[in-house]
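> Residue strings, one per chain:
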Amino acid sequence: MSDKTTLQDIIDSFSAEVKISKKDADTFTKEFFQLIQEALERDKYVKIKGFGTFKVIGIESRESVDVNTGKRIQIEGHQKITFLPDASLKEVVNQPFADFETVFLNDNVSLNAVGDEVAVSDDNQNEEDNPSVEESSSETVPEMGHEENDTLDEEVDSDKEEDAVEKENAVKEKDAVEEEDVEEVPVDSGISEKIISNERTHSTNFMHEQVQRRRKKQTKFIKVSVTLSALIFLFLIIAVLIYYWMLVPSKPLPNTHLNNTAIVNKSDSLNKSDSLKGSDSTKISNNANGVIPVKGDDKIKAKEDTSNKSNDNLQGKSGKGAIIGLKTVHVMKAGENLYTIAEKYLGSKSKAKYLIQYNHFKNPDLIKIGTKIQIPQMGE
Amino acid sequence: MVKLYKDECDMTNKEFIQELSKRLKKSSPETQQLVQSFVTEMTKEIRSENSTLMIQGFGTFEVKKKMERVIVNPAFERPMLVPPKLNLVFHPSNKLKEFFK
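Chain order of the listed sequences is A and B.
So the first sequence is residues 76 to 455, counted in my numbering.
So the second sequence is residues -12 to 88, counted in my numbering.
I should point out that these hints are in silico values taken from the structure, not numbers from a laboratory.
Just so you know, not all the hints are guaranteed correct.
Computed, partial: chain A to chain B, Cβ under 7 Å [said to hold, decoys possible]: (1) GLU92; (2) LYS122; (3) PHE126; (4) VAL168; (5) PHE172; (6) ALA173.
Beta carbons: idealized from backbone N, C-alpha and C, even for Gly.
Looking at chain B on its own, in the form it has when it is part of the complex (with noise of 0.2 Å):
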């Protein structure tokens, strides 16, 4: 799906902020300040426990780790090792898939 125009078709954090505050009948700024919170919360969550965070009805964001590996530059020859990464990863659960379908 190629997007020509960015502001068309998506939905920036300010237009989310603002639809969601809409939906709760609270001002943008407040709303704002939640989602802040909301969202560190999260990534506290996600880091601390280094696990997965299972939201029902929407999916799972889960901590991956890649391992290191050692790669070939293909222009160089040389070999490199890539260090291990953790990487968060995010599985849509069925039924937001099946929402898609």
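Isolated chain A, as found in the complex (with noise of 0.2 Å):
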């Protein structure tokens, strides 16, 4: 990179080309130049064919801030001179790189192992015979020197990992796209590959550092998605408890069965009831006497059975919709089902739980015809 080519070795090389006296190609090159910065001055504008344009552009006057000082300066208009490389000498120019084209990544392509490169790349000047060419060899152009196998084959691994499904289009486009990290280099050339094996560095540094700038933005996005999404989740909880909180009063409570040996079941009425207090302690407050008030469709038995109050009272309070005793048993009949059967003696479909309840059916759902159901009577 340091080793400067001066006009003198042109002169020399061109004269032995064109067989003109080295004299005479001195006065040329310097006729040359000189007629370039001349026609710079008049036209602004020179076009030299197969070489590049130099145009002579003025900048404007603007202002800047002095960077010792903090003084708002003028930096002054002046012109500038820039060279714009003919197609031809760029493409001769980018040549050791002519292979590359812009690649689209996928998203999920992990560039891990490019931080790993830095690595890697001093061992894999040596590493020129890695039987893992053949993965890129169909791309590449034979002249060119292989190098970094050990990137690209970690690349096309991790791509393999993440899709199995594009793999084989993944590990192509990836080939492509680490050909440029294997840096062909035209075989004659050694120092540029030293220079390129310099370069490689930073560029990989580069790569390195955009894709952490990447990783930031995403984990960022991840963060408030996360965030976002608990906020519905605790959202939705809560909006499910208000619904049970609102449905609890209007659901039948747990009732408390009594079967004709109330006493068995007292405790259990017992820890009903204090669960009746917690819901609605207005209604217990109407049961002073142990009686709970019922809905209107219950209210006939309530009345015919005064006599199992005292039964109720002995046992402390109990639920609503308590059992109280047998009422008759029903024998199954075809096209009944327990919620005819609850419609009938209980006067509502809802209360077919209680029979379900009372007679123990292990499997409701599948009641034989001719099985004698036990009726309970309810306590008010």
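From the two separate chains plus the hints, produce the assembled complex.
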């Protein structure tokens, strides 16, 4: 890189090429550049075929701030010479990298391996005969030397893990991408290899930075989305809770079921009544005598069973719709189900569960015809 | 600097060679050939050495490597990997800079 070619070297080779004397070549080149300079002065624009264009660009004056003093200063307008290499010259200069194209990266391509590249790159110089070269060989020009096959492999591997479906394409893409890293260099130039190996570390650092920046963005996004989803989840839970809280009073309360031998369930009923206390205390206050007010459809039965009230009294407060005793026994007929029976005897379909409870049906959906169903007497 | 009419203020290759031939007192086809071979010689030099070409009193031509980099397409937000590139840059010498100030 530091090796500089002066004009003299060119004149030497030039004179040899065209077979003119060195003196002539010297004058020629002097005139050449002199003319460019003068033409630039006059026309502001010189185009030389196969080389490029020189242009003089006027730069307008602008305000800026002095870095040391912090004062505002005026940068005066001046003229600047620019050089734009010709397309053909550009191509020639860029020939080592001519095969590369801009490539779309898959979203989930991990660039972790690039970070390791720095460490690996030193060894790669010796690994030109690495057997894994085949992976990229289909796309590379035969004269090019392969380097950094390790990184290529790493990339490919990580790709495979990430999306096995797109493996084929991804690998190919990756090959194309990584060939850039592979730094194909014409075989004859040993110096450029050194240069590029230096530069590669820079480039990889740069890549790494880029990746980290992207990572940060992604994690930010993930954080936001996580908090958002958490909020939504919380809101849902609250909504469900509110829904249940609204439903509780209208729901039939967990009942106390008393068999004929009510004493057996005494403790049970006590528990239930406790829960009742919690849910609506107004009703309990009505139950000073241990009788629970029943909905309209149960009123009749409530009247009938005054005798059982005393029984309830003994047991303490019992829940609404407590089972007081056996009313009748119903024999299951065809076309009947627990709902119809519950509606018939207990006044509402929703009381079918009392039947289930009272009769200890293990499978209430499957009750055979002829089964004797004990219809409980519901307390008031 | 906006150029409205290219022909008026530009010096094209043809004009350049004509001017040069006048100065060298040679025929224009001859100078053209000379220029051509000179340019190829220079490009050869630049290419093979991958180094700086210094021309006294004029400036330096340098091959610089642009790193590969990941960019994000603003339209589709897709990350793209731009390959590395070798670029020829020209730095005018101080003398030339002074000349145009």
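> Decide, hint by hint, whether the structure agrees.
Going through the hints against the structure:
1. Checking A/GLU92 against chain B: minimum C-beta separation of about 6 Å stays under 7 Å; hint holds.
2. Hint on A/LYS122 holds. Least Cβ distance to chain B is approximately 5 Å, under the 7 Å limit.
3. Below 7 Å, beta-carbon pairs count as interface contacts, and A/PHE126 has one with chain B at about 5 Å; its hint therefore holds.
4. Taken as an interface hint, A/VAL168 checks out: its beta carbon lies about 5 Å from the nearest beta carbon of chain B, inside 7 Å.
5. This hint holds: A/PHE172 has a C-beta 6 Å from the nearest C-beta of chain B, less than the 7 Å allowed.
6. Given hint, A/ALA173 at the interface with chain B, is violated; its Cβ is 9 Å from that chain's nearest Cβ, farther than 7 Å.
In this structure, only the earlier hint numbered 6 is contradicted, and the remaining ones agree with it.
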